Structures are given as C-alpha cells and as structure tokens.
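Trainee: Residue numbers (our numbering), protein chains in the order written: chain A, 764 to 855; chain B, 3 to 420.
Because the hints were derived from the structure by calculation, they are not lab data. There is no bait here: all hints are sound.
Using 25 Å as the maximum straight-line C-alpha spacing, the simulated DSS-like pairs for lysine-lysine come out as follows: (1) K794(A) x K208(B); (2) K796(A) x K208(B); (3) K827(A) x K789(A); (4) K827(A) x K208(B); (5) K208(B) x K838(A); (6) K827(A) x K838(A); (7) K789(A) x K838(A); (8) K827(A) x K277(B); (9) K181(B) x K114(B); (10) K818(A) x K794(A).
In this text, all values refer to a predicted model and were calculated from it rather than measured experimentally.
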Amino acid sequence: MRALIAALMTALATGAPAQEAKLQLKDGPGKEKAAVCVACHSVDYIVMNSRFMTKAGWTASVNKMINAFGAPIAKEDVDALATYLAQQYGVP
Amino acid sequence: MNDGASRHALRRRLLAGVAGAGTLAALPARRVLAAPVGSAGALGFAEIPDGALAEQVLERLPGKLPLIKKTYRPPNFETPIEYFRGVITPNDAFFVRWHLAGIPRVDAKAWKLTLGGDSLQQPRSYSLEQLRTGFSPVEITAVCQCSGNRRGLFVPHVAGVEWGVGAMGNAVWRGVRLKDLLARSGLQPSAVEVVFDGADGPAIDKTPDFVKSLPVDVALDENTLIAFEMNGQPLPHWNGYPARLVVPGWTGTYWVKAVVSINAVSTPETNFWMKTAYRLPRGRYPGYAFKTQQAEATEPITSMVTNSLITSFDVGHQVPRGKPLVVKGIAWDGGSGIDRVEVSSDAGDTWHRARLGRDHGRFSFREFEHTVPTRSTGSLVVMARATSRSGETQTEQLSHNPAGYHHNVIQRVYVEVV
Numbered sequence: 764m765r766a767l768i769a770a771l772m773t774a775l776a777t778g779a780p781a782q783e784a785k786l787q788l789k790d791g792p793g794k795e796k797a798a799v800c801v802a803c804h805s806v807d808y809i810v811m812n813s814r815f816m817t818k819a820g821w822t823a824s825v826n827k828m829i830n831a832f833g834a835p836i837a838k839e840d841v842d843a844l845a846t847y848l849a850q851q852y853g854v855p
Numbered sequence: 003m004n005d006g007a008s009r010h011a012l013r014r015r016l017l018a019g020v021a022g023a024g025t026l027a028a029l030p031a032r033r034v035l036a037a038p039v040g041s042a043g044a045l046g047f048a049e050i051p052d053g054a055l056a057e058q059v060l061e062r063l064p065g066k067l068p069l070i071k072k073t074y075r076p077p078n079f080e081t082p083i084e085y086f087r088g089v090i091t092p093n094d095a096f097f098v099r100w101h102l103a104g105i106p107r108v109d110a111k112a113w114k115l116t117l118g119g120d121s122l123q124q125p126r127s128y129s130l131e132q133l134r135t136g137f138s139p140v141e142i143t144a145v146c147q148c149s150g151n152r153r154g155l156f157v158p159h160v161a162g163v164e165w166g167v168g169a170m171g172n173a174v175w176r177g178v179r180l181k182d183l184l185a186r187s188g189l190q191p192s193a194v195e196v197v198f199d200g201a202d203g204p205a206i207d208k209t210p211d212f213v214k215s216l217p218v219d220v221a222l223d224e225n226t227l228i229a230f231e232m233n234g235q236p237l238p239h240w241n242g243y244p245a246r247l248v249v250p251g252w253t254g255t256y257w258v259k260a261v262v263s264i265n266a267v268s269t270p271e272t273n274f275w276m277k278t279a280y281r282l283p284r285g286r287y288p289g290y291a292f293k294t295q296q297a298e299a300t301e302p303i304t305s306m307v308t309n310s311l312i313t314s315f316d317v318g319h320q321v322p323r324g325k326p327l328v329v330k331g332i333a334w335d336g337g338s339g340i341d342r343v344e345v346s347s348d349a350g351d352t353w354h355r356a357r358l359g360r361d362h363g364r365f366s367f368r369e370f371e372h373t374v375p376t377r378s379t380g381s382l383v384v385m386a387r388a389t390s391r392s393g394e395t396q397t398e399q400l401s402h403n404p405a406g407y408h409h410n411v412i413q414r415v416y417v418e419v420v
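Excised from the complex, chain A in its bound form (with noise of 0.2 Å):
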C-alpha cells in the first residue's frame, strides 16, 4: 500500500495548513508530553473532546493511541500526559 502510495501521489493533498497552524496546545505542566499527538492529528482533535473526560477517560484515550494506533508514547509518559490533558481539557 505505501508503494502504491507512494506511486499515486502527486502531492499530499493538506487541508488547510495555515489554519492548522493558528492552533496551539494550552500552557500548562507535562504540555511537551503532549507534543507528540500532532504527529498524526491535528490540535482541535483534543479540543473537540472537552471539557467531558476525566483523567480516567483521557487515560483511556492516551492507551488507546498507544494500543491501537501505534502512538510513540512511552508507557512512563502516560500519567503526565492523561493529567496533562484532564487539567487543561477535562471535566473542569
């Protein structure tokens, strides 16, 4: 599939990068943890899902990058990143 990929692009076709661009994560303690989410997607993915989860769901979220998407995420680096993303986008 990569190959075909590779093969059928004549450019990647970006939605709205300057737009993307404006996007910023919140300050706050473990932010840098969290820099590895916009890897694969873009800031307002998280944003979208606030203010519901609570640690315990965010928590759940982080794993699930991990576990299913493959998300570089060391397992030491879960807890300040889900606390991370309760304190600035959970149940306030």
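On the provided structure of chain A, position chain B as indicated by the hints.
Mentor: Just chain B now, kept in the frame of chain A:
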C-alpha cells in the same frame, strides 16, 4: 466573561430550559440569540461538547464550499443544515470524513482497481476507463451517513469526532455493480467476505491502514456499487475520487473512498477497523446482522437506523399568530424506505401525518412537509418522527453506546407564536 461568552451562556441556559417541554410555560417570549456555527442545541437537540462548539468554524477545503470544520488533519468537515433543504446534497457541500492523514491526490490515469483474494479465481486490474466501458453503468440515489453522525449529541458525551447533524448527504451515485466485477473474476463459493482498501494511509507505520469488509451477500447485492460519479460529476477528491464503494442503506464506514483493492476472502477480516472499531453492543439495534464479524459482546454497525431532521427553522423561530407554521424536513432509513413521517406541535401529545415528497428510491432522503395552524400566541414544541416500511421508528430516549452510534432521538424544536 466577555460579551460573546455571556451571550453564549445565556443562549445555552435558554436552550437547556426548552429541552424539557414541562418548562415551556415559564419561558418568556424573547428573541433567541444567534447560534454559534453548527450548534445542535439550536436545532432542538442536546448540545455538542463546549470545546467542539467553541473550536468549530466555517472553512473551505479546496474545491468545497465553507463547511463546519471539526478537525483539520485528518480532515473532518460537516455539512451545514441549509444544504439539507433540498433532497440532493451538492457535491461541494457534501461532508468530509477521513481516518488517516495520508490522503493522496489520485491521478486517475495512473489509478488502478485490483481484484484478488483467495476466493477469486482470476485476479484482475482495471483502469478507470476499463471500469466505465467494460460494465453496464447503474445509477442509484442513496444516503451516505457517517456511523457517528450526531455523536456530539450524546449525553453523557463520548470520545470521538463530535459530529452534529451534518455528517451525512444524499447523492445520485453512478458506477458499476460490484457483483459484476466479482463475477468476471470467478468468485468462489468459499468467499465469506469481500475486503476493501483505499489509497489513503496513516501518518506513521504502526497505525493500522483503513481497511473494511462486507459480508459476501451484501457485496453481491445489486445495489452495491463501485461509483465514479456523484450527482453527474466525477467524485470530489475529498469524497473518494476517482471511485468509491457505495453500500446503500449501510453507514458510511463501509463506503471506502479512493478504493484501490478488492479482495474476496474465505476467512473474516481481522484488522482494527473491523474487529475493534465501529462496533455496537450485540443485539441492541435493528438492522443487518454481520454474522462472520459477531463477537460475544459486540457486533459491527451495519445498516442505518430510521431518522429524520427538521430543516425549515431553528429553536426560537417566531411565527406571527394566524400565519401557518410550515414544518419541512427529510427522513431516511437503512434501505426499506420511509413509510411515513408524523409531526407533533404539542410536545408529542398528538401526531399528524406529514405529506411526503417525491420518492427517489428506498435509499434516498425523503422530504416531508406539514403545516401547523397557529391559532393562539405562545410556545410550541415541534417534533417529527419517521417510520420505515419495515416498521422501525425513532427513539424517544437515547440508546447510549460507547462509540456514539445510531443517534435517532426525536428532535424537539421550540417555536414561538407571537
């Protein structure tokens, strides 16, 4: 709190107040403030999450009209309600939904559709031209609705793309029958599923490629198409150019875009997108049972549930006493066709049959219209309830499920007669 935020808060309190019909009498007659983009509350539903509502804006993807941006990458854009006031959804307003960020611009001249698999005698490849000229063309009008349409309206909220009501569209699809392609390659009796892959791919290698399968009998249904035209035009890039799967009656997850391979197989597909994602609690919902994919507790989402949408006004609409209130909208289901739509203007105490619009086939949106007299001033709660020819109707209360699928709760739109 700035002025915009306080207006927003006021509006939310107002909408929350009309969510239950019992509070109606206490509502003062007042103008409801302009809604933010894509508000579900403004349509008489539970509101999408705060973060989603604050984040979304009307933006244009190349070749598209301004749509409700849910996410930039992968791109997820929702169709605003105004485009559902006609029975056919224009191509440039049709919703956009991708799972993976690698979306190539496909060169139709280089594109090939490859058929194979252990249950196909003769593997073959087709160019777009060979597909167009080698088989009898077919046209069908059908609704493509994301499984998670209205996920944002779930109470309590569930994680995912927080769609409002517009992750759907109705188009005339032109293409060739999948069964004709399979027959030409010698489909074997050993086939249990047919597996589809598109040209899209993940941002990182470890993310599972988006691959879906259909039960072999659905793949062989005469209405299952490989479509290369939508409303008389080539498919838009964002909707699967140059060809996509069309599975009338089934949710959008099966309508693989920019399809490049089709494999008939003798063992069920086991990738993440079949085995883990797009699943419902087993036996809870009506619809086709995908037997080769059923697990003990879950089964794949398949056909759509019966649903409707009032499109002619928003919450807070004011109509002068004596002027009839015209209730218009659309209804659809999983492929039996719409039998009737009933409208209530007294919060569900009495129901009246709406007039149905032209029948575009059992897979299409069906328009409805009903006129409500306005003899005295005060508040009305307008509801619409569709029933399919197979006898399925909409739910009064949400049937909650973890992934946020099959929301077909009856809408309640508060209107003022002044």
